[in-house]
Amino acid sequence: MDAILSFFELFLKGLQTPTLGFLLGGMLMAAMGSRLTIPDQVYKFIVFVLLMKIGLRGGMEIRNANLEELLLPALFAVLTGVIIVYLGKILLAKLPGINVVDAIATAGLFGAVSASTFAAGMLHLDDIGMEYEAWVSALYPFMDIPALVLAIVLGRLAIEKSGSKEEGASLKKKRKPVSINEIVKESLQGSALSALILGLILGLFTQPEPVYESFYLPLFRGFLSILMIIMGIEAWQRLSELRRVAHWYAVYAVIAPLLHGGIAFGLGAIAHHMTGFSPGGVVLLAILASSSSDISGPPTLRAGIPSANPSAYIGSSTSIGTPICIAIGIPLFTELATIVF
Amino acid sequence: MDAILSFFELFLKGLQTPTLGFLLGGMLMAAMGSRLTIPDQVYKFIVFVLLMKIGLRGGMEIRNANLEELLLPALFAVLTGVIIVYLGKILLAKLPGINVVDAIATAGLFGAVSASTFAAGMLHLDDIGMEYEAWVSALYPFMDIPALVLAIVLGRLAIEKSGSKEEGASLKKKRKPVSINEIVKESLQGSALSALILGLILGLFTQPEPVYESFYLPLFRGFLSILMIIMGIEAWQRLSELRRVAHWYAVYAVIAPLLHGGIAFGLGAIAHHMTGFSPGGVVLLAILASSSSDISGPPTLRAGIPSANPSAYIGSSTSIGTPICIAIGIPLFTELATIVF
Amino acid sequence: MDAILSFFELFLKGLQTPTLGFLLGGMLMAAMGSRLTIPDQVYKFIVFVLLMKIGLRGGMEIRNANLEELLLPALFAVLTGVIIVYLGKILLAKLPGINVVDAIATAGLFGAVSASTFAAGMLHLDDIGMEYEAWVSALYPFMDIPALVLAIVLGRLAIEKSGSKEEGASLKKKRKPVSINEIVKESLQGSALSALILGLILGLFTQPEPVYESFYLPLFRGFLSILMIIMGIEAWQRLSELRRVAHWYAVYAVIAPLLHGGIAFGLGAIAHHMTGFSPGGVVLLAILASSSSDISGPPTLRAGIPSANPSAYIGSSTSIGTPICIAIGIPLFTELATIVF
Numbered sequence: 001m002d003a004i005l006s007f008f009e010l011f012l013k014g015l016q017t018p019t020l021g022f023l024l025g026g027m028l029m030a031a032m033g034s035r036l037t038i039p040d041q042v043y044k045f046i047v048f049v050l051l052m053k054i055g056l057r058g059g060m061e062i063r064n065a066n067l068e069e070l071l072l073p074a075l076f077a078v079l080t081g082v083i084i085v086y087l088g089k090i091l092l093a094k095l096p097g098i099n100v101v102d103a104i105a106t107a108g109l110f111g112a113v114s115a116s117t118f119a120a121g122m123l124h125l126d127d128i129g130m131e132y133e134a135w136v137s138a139l140y141p142f143m144d145i146p147a148l149v150l151a152i153v154l155g156r157l158a159i160e161k162s163g164s165k166e167e168g169a170s171l172k173k174k175r176k177p178v179s180i181n182e183i184v185k186e187s188l189q190g191s192a193l194s195a196l197i198l199g200l201i202l203g204l205f206t207q208p209e210p211v212y213e214s215f216y217l218p219l220f221r222g223f224l225s226i227l228m229i230i231m232g233i234e235a236w237q238r239l240s241e242l243r244r245v246a247h248w249y250a251v252y253a254v255i256a257p258l259l260h261g262g263i264a265f266g267l268g269a270i271a272h273h274m275t276g277f278s279p280g281g282v283v284l285l286a287i288l289a290s291s292s293s294d295i296s297g298p299p300t301l302r303a304g305i306p307s308a309n310p311s312a313y314i315g316s317s318t319s320i321g322t323p324i325c326i327a328i329g330i331p332l333f334t335e336l337a338t339i340v341f
Numbered sequence: 001m002d003a004i005l006s007f008f009e010l011f012l013k014g015l016q017t018p019t020l021g022f023l024l025g026g027m028l029m030a031a032m033g034s035r036l037t038i039p040d041q042v043y044k045f046i047v048f049v050l051l052m053k054i055g056l057r058g059g060m061e062i063r064n065a066n067l068e069e070l071l072l073p074a075l076f077a078v079l080t081g082v083i084i085v086y087l088g089k090i091l092l093a094k095l096p097g098i099n100v101v102d103a104i105a106t107a108g109l110f111g112a113v114s115a116s117t118f119a120a121g122m123l124h125l126d127d128i129g130m131e132y133e134a135w136v137s138a139l140y141p142f143m144d145i146p147a148l149v150l151a152i153v154l155g156r157l158a159i160e161k162s163g164s165k166e167e168g169a170s171l172k173k174k175r176k177p178v179s180i181n182e183i184v185k186e187s188l189q190g191s192a193l194s195a196l197i198l199g200l201i202l203g204l205f206t207q208p209e210p211v212y213e214s215f216y217l218p219l220f221r222g223f224l225s226i227l228m229i230i231m232g233i234e235a236w237q238r239l240s241e242l243r244r245v246a247h248w249y250a251v252y253a254v255i256a257p258l259l260h261g262g263i264a265f266g267l268g269a270i271a272h273h274m275t276g277f278s279p280g281g282v283v284l285l286a287i288l289a290s291s292s293s294d295i296s297g298p299p300t301l302r303a304g305i306p307s308a309n310p311s312a313y314i315g316s317s318t319s320i321g322t323p324i325c326i327a328i329g330i331p332l333f334t335e336l337a338t339i340v341f
Numbered sequence: 001m002d003a004i005l006s007f008f009e010l011f012l013k014g015l016q017t018p019t020l021g022f023l024l025g026g027m028l029m030a031a032m033g034s035r036l037t038i039p040d041q042v043y044k045f046i047v048f049v050l051l052m053k054i055g056l057r058g059g060m061e062i063r064n065a066n067l068e069e070l071l072l073p074a075l076f077a078v079l080t081g082v083i084i085v086y087l088g089k090i091l092l093a094k095l096p097g098i099n100v101v102d103a104i105a106t107a108g109l110f111g112a113v114s115a116s117t118f119a120a121g122m123l124h125l126d127d128i129g130m131e132y133e134a135w136v137s138a139l140y141p142f143m144d145i146p147a148l149v150l151a152i153v154l155g156r157l158a159i160e161k162s163g164s165k166e167e168g169a170s171l172k173k174k175r176k177p178v179s180i181n182e183i184v185k186e187s188l189q190g191s192a193l194s195a196l197i198l199g200l201i202l203g204l205f206t207q208p209e210p211v212y213e214s215f216y217l218p219l220f221r222g223f224l225s226i227l228m229i230i231m232g233i234e235a236w237q238r239l240s241e242l243r244r245v246a247h248w249y250a251v252y253a254v255i256a257p258l259l260h261g262g263i264a265f266g267l268g269a270i271a272h273h274m275t276g277f278s279p280g281g282v283v284l285l286a287i288l289a290s291s292s293s294d295i296s297g298p299p300t301l302r303a304g305i306p307s308a309n310p311s312a313y314i315g316s317s318t319s320i321g322t323p324i325c326i327a328i329g330i331p332l333f334t335e336l337a338t339i340v341f
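Chains E, G and B, in that order, are what the protein sequence lines are. Residues 1 to 341 in full-length UniProt numbering are what the first sequence lists, from first letter to last. Residues 1 to 341 in full-length UniProt numbering are what the second sequence lists, from first letter to last. Residues 1 to 341 in full-length UniProt numbering are what the third sequence lists, from first letter to last.
Certain hints may be false.
Copies of the same chain look alike in the list, so a pair counts if it works inside one copy or between any two.
Claimed, not checked - Straight-line Cα separation of at most 25 angstroms, DMTMM-like style, residue types lysine to aspartate or glutamate; simulated pairs:
1. 44 / 234
2. 185 / 234
3. 89 / 241
If you're looking for bench data, these hints aren't it; they were derived computationally from the structure.
Please put together the full structure from these sequences, using the hints given.
Structure follows, in C-alpha cells:
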C-alpha cells in the first residue's frame, strides 16, 4: 500500500519533470489544433545526436568494463524480445476484429526498442543518481533485432498460410523467401542503430572525451525535451488513425508496456542475483522492453510485412504505448527497483 | 540636447552590438549578391527555440508573480494594437496611390508583434541590467491578436463596401462572413504563438529549470545572432518588392515603429505611475508596439485579406520597419526610460 | 629516422583523435551500407557556424594585429594556388587516359581550399597549444580564388583549342568569353566565402565576444565532429565514382595533398625567416594548400567548366584527397613544424 502511494506521489512529481511535461505539452498543442511543427530534418539531427551521445558514453565506459557480465543481460534482452512477439501472437491475435498479421506486426513494434524513450529513462536515472552499467546501451540491438526479425518471419508465415488456403499456391512462387540475414542486416543499417553503433565504436576506439563533454552531453537534455514535444504532437495526431482500427489495439497498447517491462524486470532481477547486474541496469532493461520502436521499427516492418496495417501498429505504439511507457513505465520500474533491491 | 547626444552615442555603440551588427551584416551580404542562406528548416527551429526560451522563463517566473499587476499593461497592449490599426487606416490610407485595403493590412502587420525583435529587446535589457516583470512576455498575444483581428475585420468591411459599389450585391453572398472567433483561433494556433504559449505552460506547470539552464538559455544569444542575419538578408531582398509599390509605404515604415513605440511608451508610463509597472516593462511594451510581425502575421493576413498586396505590407515591415525598430527603436526607448523614470 | 618514427607515433595517436576518428567512422558506416545520413539543411547550417566561428575569431583578433605581416603569407598563398593548378596541368594531364580539361579541373579543386579541413587543422593546433597569427583565416580566399579562377581560364582555353581543331570556329562564337571578374565575384558570393567574410567583418567592426564565447566557440568542436562523419560518408560514396575514371586520378589524389602542402610549407618557412610568420601559421598555410575544396569549389567548377567530368575531380578530391590531408597531412605538417622551427 505504501508502495502504491509512493508510486502515485512519484507519478504526480513525474508530471512536473520536463521529460513527461514536454511530451504532454506536445500532445496538448496538437489537441488544440496548433500548427507548431519541428522540421523533419531537425528531428533526424536531434535523434542522431541523442544516439551518438548514448553510444559514445557507452563506448568510453565499456573500455574498462568486464564484458562477461554483459552475457546474461544480453541473453535476457533477446529472450524478452522473443517473448513479447509470441505473447502478441497468442494474446492480441485472439481478440475480436484483429487480423493475425496485424497482431504480429504490432507485437513486433512493441518488442522493438525506442531510442528516445531509452534516452528519457537514462536521463531520469542520471537525475536521481541511480547508477547502471556502462555497457547497458549495448543491450539495445539484442532486444530490437530479434523482435523485428521474429515478427517479420512469423508475419510472413501467417500470410503464406492464409494465402495457401485462400488463393492457392500461385502466390507462393512470387513471394521472396524470408531471409533472416537480410532482416538483421536491414536493421543494423537503419539510421537509429547505425548512429548508436557508430557512437559505441568511436567511444571505444577514439578519445572523444573533449567533444563529448563540450557538445553531446550539454545538448542531450535540451534535444530530448524537443524530441518529447515532437513525440507528443505525433502521439495525438496518430490517435485518429487508431480510431479506425479495432479498439482492442488500444487496450493492448495500455497493458503491453507495463507487462513487457515487468517481464524484463523479472529477468533482470534474476541477472541481479546471479551476476550482480545493477538495479539501474534492471530498470533500463525494463524500459527497453516497455518501450516500442518509433524510428527504425516502422519502416522495417513496412518493408518486411507490407500487407500489415500501419494504422494498427504505429497508432497503438506511438499514440498510447510510448506515452504510457514514459508517464507510467519509467517512474514505476524505477520505484520498483528502489523497493525490491 | 544632452538626451539627443546621449542617444546618438548609444546609437553608435549600438552599431557595434552583435544584435544590430548581425542584422546589418545580413543586409550587407544580400546587397553584395551573396548566395549565403540559412535553410528554412533551421530558421524555423531557431525561432521555436527562441520563443520556447522566452515562454519558459516567463512561465517559471509568473509562478511567484502578482498577476493583478498584469491587468493594466495587458489592457494597454490591446489598446496599442487597436490604435495602431486605426491610425494606419486614417493616416496611411489617405496618402496618394495607396489602396485602403493595403493600408489596413500594412497597419495590421505593424500592430502585430515580432518575436525576434522582442527577443532582441529582452537580450538588450538583460545585457544592460535593466529589470522587467516576469510576465511581460505574456503581453505578446494581447497586442498581436487584436491588431490582426481588427485589421482583417476592417479590411473585409472595406472590400465589402467597395464591392457593393462597383459590383453590386452578387459578391456579398459568396464571401464568408467575418468570424472573429475564427481569426483569434487561427492566430493562437500559429507556430509562433503556439511555441510561446507552450513555453509559458511548461514553465508554469513543470520544473524545466535544468533544461532551461543547460539548453534554452545558452543557445539564446547565438540563435538570435543567426536570426538577425536571416532577417537582414530578407530585409534587403524585400526592398525590391517595396520599390514596386507607392513610396509612401517607405515613409510610413520609417515613422511607424517610432510613433507606435512612443504611444505604447506613454501608456506604459501611465501604468508605471498607477501600478508600478517597471521601466524595463515599459521599454518592452514599447518594443512590442514598435516591432512588426515577421513570422505569424504575414500568413494570417494573407489568409484573412487575400486581396491585399503582400509586397506592400511585407515589404514595408520586413525591409524598413524591423531594421528601424532594432537599430533605432530599441536603444531609443531604453534611453528614454533611463531619462524619464 | 627519429622523425619518421615520431610521425608514425603521431599518426597512430591521430587515429584516436576525434577529428580523424569521426571521419573514419563515417567511412566505416558508409562501407557497411548504413542508411545513416545527416540532413543537407543541417549540414549547411553546421558549415555556416564553423565558418562564422573562424571568421569572427579572425576579425576580433585582427583588430590588434599588424597587417603588414599578412602581405608575404598572402602573396605565398596566391602563389601556391597558382603553382598547384599549373603542376596539375603539367603532371596530371600527361598521364595516360586523362583528358586535359578534367586534369585542369581536378587541379583547380585541389588548389582551392576546404573550410572543414582548415577548421580541423585549427582545432588540432588549438588542442596541442601551437599558436598562429590572428589573421591566418584571412589567407583562405587568397589561395582559393586564384586557383579556381586560373583553373577555369586554363580549362576554357584548352576547350577552345581542342574545339578549334575539331569543330572549327563555329563553336567559338557561341562560347562566352572568360571573364575573370565574373569568376572572382562568383567565388566571393559563394556561401562558404560569404560566411567567412561575414564573420571577419562582424568580428572586426562589432563586439561579438559574448555571442562568440556562448555559442560559436562551444559548438565548434561538436559541429566539426559531425561534419567529419558527413565527409567520411561522402568520401566512401564517391569512391565508386572514382572507379569509373582513370586510376591515375587516385594516384594524384594520394600524392597531391602532401606535395602541395610541402610546397606551401616551404614558402611559409621563407616567410617565417623573413617576417617572423609563426610556425603555427606555416602549418595552417600548408593545410590550406593540402586541402581540396568540398563546398564552394565543385559548383564553381561545374559552372565554369561544364564539360569537365565531375566524377574525376570530385571523386579524387572527396574520396582520397580530403581523408589523406586530414589523416596524414595535418599531423605531418604539425610534426614537421616542431622539428624544423
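Here is how each hint holds up against the structure:
1. 44 / 234: both (14 angstroms within a copy, 18 angstroms between copies)
2. 185 / 234: For residue 185 and residue 234, the Cα distance is within 25 angstroms only across copies (21 angstroms; inside one copy 28 angstroms).
3. 89 / 241: within (22 angstroms within a copy, 47 angstroms between copies)
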